[in-house]
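Protein sequences, first through last, are from chains A and B.
One gets our numbering by counting positions in the first sequence from 1 and adding 981 to each.
One gets our numbering by counting positions in the second sequence from 1 and adding 582 to each.
Where hints are given, some of them may not hold.
Examples of chain A residues toward chain B, derived with CB under 8 Å [claimed, not checked]:
no. : residue
1   : Leu1087
2   : Ala1091
3   : Ile1132
4   : Ala1142
5   : Val1143
6   : Glu1146
7   : Met1147
8   : Ala1161
9   : Phe1164
10  : Leu1166
11  : Val1168
12  : Ile1173
13  : Asp1183
14  : Leu1185
15  : Asp1190
Below, in silico cross-link-like pairs of lysine-lysine (BS3-like), each with a Cα-Cα straight-line distance of 25 Å or less [unchecked claim]:
no. : chain 1 : residue 1 : chain 2 : residue 2
16  : A       : Lys1189   : A       : Lys1120
17  : B       : Lys925    : A       : Lys1189
18  : A       : Lys1189   : B       : Lys997
19  : A       : Lys1099   : B       : Lys779
20  : A       : Lys1120   : A       : Lys1001
21  : B       : Lys925    : B       : Lys997
22  : A       : Lys1060   : A       : Lys1001
23  : A       : Lys1189   : B       : Lys1001
24  : B       : Lys997    : B       : Lys927
25  : B       : Lys1006   : B       : Lys868
26  : B       : Lys1057   : B       : Lys779
27  : B       : Lys868    : A       : Lys1189
28  : A       : Lys1189   : A       : Lys1121
29  : B       : Lys868    : B       : Lys1057
30  : A       : Lys1121   : A       : Lys1001
31  : B       : Lys925    : B       : Lys1006
32  : A       : Lys1189   : B       : Lys927
33  : B       : Lys1057   : B       : Lys927
For the record, the hints were derived by calculation from the structure and aren't laboratory data.
By construction, the Cβ of each residue, glycine as well, lies at the ideal position given by its N, Cα and C atoms.
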Amino acid sequence: MTNILLILFVISLVHMGLSKRLNTYTAVLAFQGILLFGVAFIELIQINVPNLLFVLLETIGFKTIAIPWFLNYVIRRNKITRESEPFLPDFISVVIVTTIIIGSFLLSNAIRDTHVRKILFVAALSALFTGLYFIISRKKIITHVMGFLVIENGVFVLSLAVGAEMPLLVNIGILLDIFASVFLLGVFVNKIGDVLQDQDVDQLRNLKD
Amino acid sequence: MMGIYLTGAILIGSALFLNRHRGWNYLLVTAFVLLQWALTIHVWTHRDRTDLVYFTPDALAVLFLTTLSVISVPAFWHSYRYFASDKEIPRERSIYFAAMVVLLAALSAAYLSNHIAITWIFVELTTLSASALIYHRRNVRTLEGTWKYVFVCSISITLVFIGILLLTMGVQEAGFSDLSYTSLAARAGLFNTFWLKLAFLFIFTGFTVKAGLVPMYTAGIDAKDKAPSPAGALFSSVLIMVGFLGIFRVYAIISHTEIFPWAGRILFISGFLSVFVATVYMLRVKNFKRMFAYSSVEHIGLVTLGLAAGGVGYYAAILHIVLHSFAKSAMFFQVGQVYRIYKSKSIYDAGDYFRFNPAGAMVLLAGFFVITAMPPSGLFISEFLLFSALFAGGHFALLAAVLLLLTVIIWCFGKNIFKILFIKPVGFDEGSVESIPPVESLSQYVLLAGVVYLGFFPPGVFVNLINHAIGLLPK
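Please build the complete structure, drawing on both the sequences and the hints.
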């Protein structure tokens, strides 16, 4: 079951690479939240109940509902156009995301450790590098935040690989997730949206030598 | 004591945030300085004794904490002068001081922590407080600097966390679960090197954002440029040290394994590229605050090279980073005064500084010799030891390249500093120049004198601390 969910998670990354509209991105992020809820539930079932509840609440409440809603709110409030304006065409984007997934697959094949489930590792690394790729290749500041959220989802998957024995690390990772997302989005919605009229990274090119 | 310190810092920080009264603000800041020094003295008398489970002041932590406490005093004093000479908005002042208190407390806790996850939490806290300081002036430029800093730091801190997770996988495979530094170092031999290599790559890349090394140095440059200069002084001294500390701790764990030479090569590459990038930017930089920020990149690059070279290089690296912190914070305090006179950070707008502020001009002149490591600067000693370590290690080509780059840096530095000091500025209105009392330069003289003193006549206790700190690494 975990495998199916994680494969869906990786496919959702490819879908994100394909799509152009910001609404699709928020929808995919919400969908990933549901998938992570399922994976966390299966993987962490043996840890104590309050901890498990916290993790599940975070995936459903925060990743699936709060963040996508907040992103949509930011997009509407700042009147951001719905096009994500990638620097590269879709086809190349899909090729790159696929290359990333194959690369993580090959890297995880180098592991000779029977302790770790490789599929978690593959999904986590794919999400990490796909997120970095989104940050590099998209023009809007808000899509940078979305790329960061994809990275966070990857980190969550990775923390599940060790989480059953060390729930502390999962909790710290979740706190990082909440803290950084709220912080980034808070700065964005309060400041950048008010100060800059046109929200793409070209507005942030003044500091240089 | 750690419990008292952290509770006190949180209370003082929130009181500063909530209270907008001028007198109360400065009273609370004074209380924090006293608390900071109380912790420092406590740590000196209770070395290597674990406090509150996760905090053990080992030699390196004691050394760094003392440096921080020394620099924090002039940092607060210059912040006071900064507000006295500029328009003082109560809300901005209280946020500024609250953020600075939180930053210093988080740094102290990160130095003292003996557990890799705890270090990570406090490093994350420094991002939050530092961004409040960068955004202090509340305009589009500072917003840009803040956004870049927050974003790059968030990604880097996530990379560190991934590194910790990968390390944990190795730990679990080796059959234990304790993530404190001593336990990790003691059982380093049991690790699967695959996990260790991946973990080192991620943790190193993540911490370079705080240390100001290639590849993540960029955000730090904008931060030091856009923050008020007392905050910039902290960013380029004590904040750099926390990044170095994070790298050093993991490097010390790796030093007990077979991948130690491999990790050394990573440090060589990053250190050399840092010096190279700093040189390239120093050649074309027109903003003197950014020039000093790039000089920090160069110095931390040298420190990394020393760490990678081994032997006497370890000693030189620790000595260099401590002395650099004193020297560079002095320069940033002085940059604040230069800015107050010319109302610009461009080298083209500044000039003839000796006429407007002789005491400050002497600081710039002396600081130029100290920061470029010419004798009698203490940095001369550390750089000399560092180069002899590179020589002894047989890295002749690297040594030659670094020396060449350093020569270029000295030339750029000299060109720009002497322009500010001696050449008349074009179209500068001398009527409205603010006169700056010489007493404001006092702290910089003390710090620069400290660099000379610690370099040439190091007290025995100082040498002992460094030797204990590098005792974690193999000879």
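How the hints compare with the structure:
1. Interface restraint check: Leu1087/A against chain B, minimum CB-CB distance 14 Å, threshold 8 Å, status violated.
2. Annotation: interface hint on Ala1091/A holds; nearest CB of chain B at approximately 7 Å, less than 8 Å.
3. The interface hint given for Ile1132/A holds, since its Cβ lies 6 Å from the closest Cβ of chain B, which is under the 8 Å cut-off.
4. Interface restraint check for Ala1142/A: the shortest CB-CB distance to chain B comes to about 7 Å, inside 8 Å, so the restraint holds.
5. This hint holds: Val1143/A has a C-beta 5 Å from the nearest C-beta of chain B, less than the 8 Å allowed.
6. Against a cut-off of 8 Å between C-beta atoms, the interface hint on Glu1146/A holds, since the closest Cβ of chain B lies about 6 Å away.
7. A least Cβ separation of about 6 Å between Met1147/A and chain B falls short of the 8 Å threshold, and the interface hint therefore holds.
8. Hint on Ala1161/A holds. Least Cβ distance to chain B is approximately 5 Å, under the 8 Å limit.
9. Interface hint status for Phe1164/A: upheld, as the beta-carbon distance to the closest one in chain B is roughly 7 Å, under 8 Å.
10. At a threshold of 8 Å, the smallest CB-CB gap from Leu1166/A to chain B is about 11 Å, leaving the interface hint violated.
11. A cut of 8 Å between beta carbons decides the hint on Val1168/A: the least distance to chain B is about 6 Å, and the hint holds.
12. Against a cut-off of 8 Å between C-beta atoms, the interface hint on Ile1173/A holds, since the closest Cβ of chain B lies about 6 Å away.
13. Of the supplied interface hints, the one on Asp1183/A is violated, with its beta-carbon coming no nearer than about 11 Å to a beta-carbon of chain B, more than 8 Å.
14. At a threshold of 8 Å, the smallest CB-CB gap from Leu1185/A to chain B is about 5 Å, leaving the interface hint in force.
15. Restraint check, Asp1190/A versus chain B: the minimum CB separation of about 5 Å is within 8 Å; hint holds.
16. Distance hint between Lys1189/A and Lys1120/A is fulfilled; the C-alpha atoms sit about 19 Å from each other, no more than 25 Å.
17. A distance of roughly 19 Å separates the Cα atoms of Lys925/B and Lys1189/A; the hinted pair therefore holds under the 25 Å criterion.
18. Between Lys1189/A and Lys997/B the alpha-carbon distance is near 20 Å, which keeps this suggested pair within the 25 Å criterion.
19. Annotation: proposed proximity of Lys1099/A to Lys779/B holds, straight-line Cα distance about 17 Å (limit 25 Å).
20. Restraint check for Lys1120/A and Lys1001/A: the C-alpha separation of about 12 Å stays at or below 25 Å, so the hint holds.
21. A threshold of 25 Å between alpha carbons decides the hint, and for Lys925/B with Lys997/B the separation of about 21 Å falls inside it, so the pair holds.
22. For the hint linking Lys1060/A to Lys1001/A, the alpha-carbon distance of about 17 Å falls within 25 Å, and the restraint holds.
23. Annotation: proposed proximity of Lys1189/A to Lys1001/B holds, straight-line Cα distance about 21 Å (limit 25 Å).
24. Taking the CA atoms of Lys997/B and Lys927/B, the gap is near 16 Å; set against the 25 Å cutoff, the hint holds.
25. A hinted pair counts as satisfied when its Cα atoms are at most 25 Å apart, and Lys1006/B with Lys868/B qualifies at roughly 17 Å.
26. About 22 Å separates the Cα atoms of Lys1057/B and Lys779/B, which keeps this hinted pair within 25 Å; it holds.
27. A distance of roughly 10 Å separates the Cα atoms of Lys868/B and Lys1189/A; the hinted pair therefore holds under the 25 Å criterion.
28. The straight-line distance between the Cα atoms of Lys1189/A and Lys1121/A is roughly 20 Å, inside the 25 Å bound, and the hint therefore holds.
29. Between Lys868/B and Lys1057/B the CA atoms are separated by roughly 43 Å; this puts the pair beyond 25 Å, and the hint is violated.
30. Distance check on the hinted pair: Lys1121/A and Lys1001/A sit about 12 Å apart at the alpha-carbon level, within 25 Å; holds.
31. Proximity of Lys925/B to Lys1006/B is assessed by CA-CA distance (about 16 Å); at most 25 Å being required, the pair is judged to hold.
32. The hinted pair formed by Lys1189/A and Lys927/B meets the criterion: a straight-line CA distance of about 13 Å does not exceed 25 Å.
33. Note on Lys1057/B and Lys927/B: the hinted pairing is violated, with a Cα-Cα distance of about 45 Å set against a maximum of 25 Å.
The structure does not agree with the numbered hints 1, 10, 13, 29 and 33 stated previously, though it agrees with the rest.
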